[in-house]
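Chemist: Assembly of the complex is requested from the two constituent chains, each provided in isolation within its own frame, with the hints serving as guidance.
As you go down the protein sequences, you meet chains A and B in turn.
Taking my numbering, the leading residue of the first sequence gets 98, the next gets one more, and so forth.
Taking my numbering, the leading residue of the second sequence gets 41, the next gets one more, and so forth.
Simulated from the structure, these hints should not be mistaken for laboratory data.
Just so it is clear, CB atoms sit at the ideal spot from N, CA and C, and this is done for glycine as well.
Check each hint, because a few of them may be wrong.
[To be verified] DMTMM-like, lysine to aspartate or glutamate: derived pairs with alpha carbons at most 25 Å apart:
#1 B:K86 - A:D133
#2 A:K135 - B:D117
#3 A:K196 - B:D96
#4 B:K135 - A:E249
#5 B:K135 - A:D133
#6 A:K135 - B:D130
#7 A:K119 - B:D130
#8 B:K106 - A:E225
#9 A:K119 - B:E113
#10 A:K194 - B:E109
#11 A:K199 - B:D102
#12 B:K86 - A:E249
#13 B:K86 - A:E212
#14 A:K135 - B:D126
#15 B:K86 - A:D221
#16 B:K106 - A:D133
#17 A:K135 - B:E119
#18 B:K106 - A:D221
[Said to hold, decoys possible] Derived contacts from chain B toward chain A, CB cut-off under 10 Å, selection only:
#19 C84
#20 D102
#21 D126
#22 F128
[To be verified] What follows is a list of derived Cβ distance ranges for each label pair:
#23 B:L155 - A:K196: 54 to 62 Å
#24 A:P218 - B:R115: 21 to 29 Å
#25 B:L145 - A:Q241: 24 to 32 Å
#26 A:N146 - B:N142: 45 to 53 Å
#27 B:F66 - A:L108: 30 to 38 Å
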Amino acid sequence: MNQILRLSLILLPVMIIVFFGKVLLFDGEKQASNFDAKSFPVFQLNDLNGNLVQADALKGIKLLNVWASWCITCLVEHPFLTNLSENDIDIIGLNYKNKDTKAIAWLKKHGNPYELSIYDPRGDLAFELGVTGAPESFLIIDNQVVAHIQGELNQLKWDSIFLPIINAEKQRQ
Amino acid sequence: MKKLFLPISLLLTFALSVSSELVYEFKDSTQEKRFYSLISEIRCPKCTSGSIASSDAPVSRDLKQKVYELVLEGRSDIEIKTYIADRFGDFSDYKPALEGSNYFLWFGPFVFLSLLLIIFFFKRRV
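Next up, chain B with everything else stripped away, as it sits in the complex (with noise of 0.2 Å):
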């Protein structure tokens, strides 16, 4: 039975990586680029923090499916994150579009690093 330990528990792991492999087919390398950077960029909407590439939720391989076939079709990386950012929201997006509110979520730590220096730098020269 010890003798069997191993070998088994092998086997068992070695089936696990096996089913857990998508096979995505691509036409060139260029799409195929396009896509990994695609869906490391598109966040996942069922984890709190982490991309559709890192994440094997339902909903996750819809969307790898989906960014999958408009690749396939040609349309472009903006085309493609609108199409998701109109359905699961802006939320989607890793990178946000400098626009409105979101002018705070790119600048405002700078903002915010800057008044912390401008207050350090002032108070030891009082």
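For reference, chain A alone in the conformation it holds in the complex (with noise of 0.2 Å):
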């Protein structure tokens, strides 16, 4: 009986450790592989050039960025999308809670890696998809949001959560 105590004692704790372990150093690879897939929700909404966002926008494999001129962290990001987009890789943009002059001249200004920005000043398109600020990214496989990360959009999140998932797809087909 003893040692089935003494043992236990030992056990729990390791338990403990183990799954907290777990949960705090695969979060970020969690958020990716245990999220459902679901549609992208319907929306009316024009690009940055006033256009009508067509239905087939969001068809094939996109990367959807959410942005803002007034978004720091988008800056930081912005020369990864740039060498994303030069690699074939098309994102389309959310400009979110932004004005679209501001918009405009913050792509001038930094250069443009997006097919096109859907304009979404009051937010949304970005609260149907579950948007808590900018920067997010979302991964589009034929107008199902299959992965979603929020922060920057670095080497490192794209290669442990993006990629595989791309990879996947280009096989499947």
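Modeler: This is how it looks when you write it as structure tokens:
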């Protein structure tokens, strides 16, 4: 009896450490792998040029990036996005709670990695997507939201969260 | 100058407290009560641990506005919580539903506590 007690006294803390360690260390990956794909919300918004965004804008493999000219971290991840777009990744912008003139000026100043930017000044579409702020990025495959990250998109997150899904999808095709 | 310090600082504090007050108008007090209990049970997605009632983050303001609209529309508490959870994840509910892996969340601490008590009890008898 005593041995069982001693064993459980050792095992319990070990179990707790493993449990919390797992939660703490693999949080980022969990976000993507446990993500239940859901259809992209229906919306009717213009792009920054004033043209109505067509339904087929989110067909195929697209990266949807939530950005704004007032968002400092968006400027930090901007070079990475530019790099992605130069490597044939289609990026759709979601211009979030921004003034269109300011957004257009921002793109002129820093360059435009986006195929188009959906203009969402009140953040209605962003709310439907569960956006909590900017920047955030979504992976969309044929109008299905398959992954979502909050904060800066960088090489590490791209490689561990988005790239495996894209590769699997390309293999499937 | 020194004489002016107190009145001016008082004025500034007053101005601050006025600007942070958002006004929600309700048809009756039941709606109002439901609204305030709902916003205290929905987690702010931008804060590690706080409800949207306690947060003035832009997304919490949007969430409160949405909850307000849904309450006025006459939606039930469960409908409103599901609506938010569908968009912001199960994480948004401070009182997670009793299902699936949430059993661990609800009963884990009690199981853990009873295990400790059992061990303690046996140890003393031996």
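Chemist: For K135 (chain A) and D117 (chain B), compute the direct alpha-carbon distance and say whether it is at most 25 Å.
Modeler: holds (23 Å)
Chemist: Next pair to validate is K135 (chain A) with E119 (chain B); report whether the Cα-Cα distance is within 25 Å.
Modeler: holds (19 Å)
Chemist: Any CB of chain A closer than 10 Å to the CB of D126 (chain B)?
Modeler: Hint on D126 (chain B): holds, closest Cβ of chain A at ~8 Å, below 10 Å.
Chemist: Given the proposed pairing of K119 (chain A) with D130 (chain B), does the C-alpha separation stay at or below 25 Å?
Modeler: holds (20 Å)
Chemist: Between P218 (chain A) and R115 (chain B), does the C-beta distance stay in 21 to 29 Å?
Modeler: holds (26 Å)
Chemist: So, C84 (chain B) near chain A? Judge it on the closest CB pair being under 10 Å.
Modeler: At about 9 Å, which falls below the 10 Å cut-off, the nearest Cβ of chain A leaves the hint on C84 (chain B) intact, so it holds.
Chemist: Below or equal to 25 Å on CA atoms is what counts here, so check K86 (chain B) against E249 (chain A).
Modeler: holds (15 Å)
Chemist: Could you check if F128 (chain B) really has its C-beta closer than 10 Å to a C-beta on chain A?
Modeler: With a minimum Cβ separation of about 5 Å from chain A (threshold 10 Å), the hint on F128 (chain B) holds.
Chemist: Does the alpha-carbon distance linking K135 (chain A) and D126 (chain B) stay inside the 25 Å limit?
Modeler: holds (10 Å)
Chemist: Measure nothing beyond the straight line between the CA atoms of K194 (chain A) and E109 (chain B); if it is 25 Å or shorter, mark the hint as holding.
Modeler: Roughly 20 Å between the alpha carbons, so the hint for K194 (chain A) and E109 (chain B) holds.
Chemist: Taken at face value, is the distance from the CA of D102 (chain B) to the CA of K199 (chain A) at most 25 Å?
Modeler: holds (22 Å)
Chemist: Is 30 to 38 Å right for how far apart the beta carbons of F66 (chain B) and L108 (chain A) are?
Modeler: About 53 Å separates the Cβ atoms of F66 (chain B) and L108 (chain A), which means 30 to 38 Å is violated.
When each numbered hint is compared with the structure, violations occur for hints 4, 9, 13, 27.
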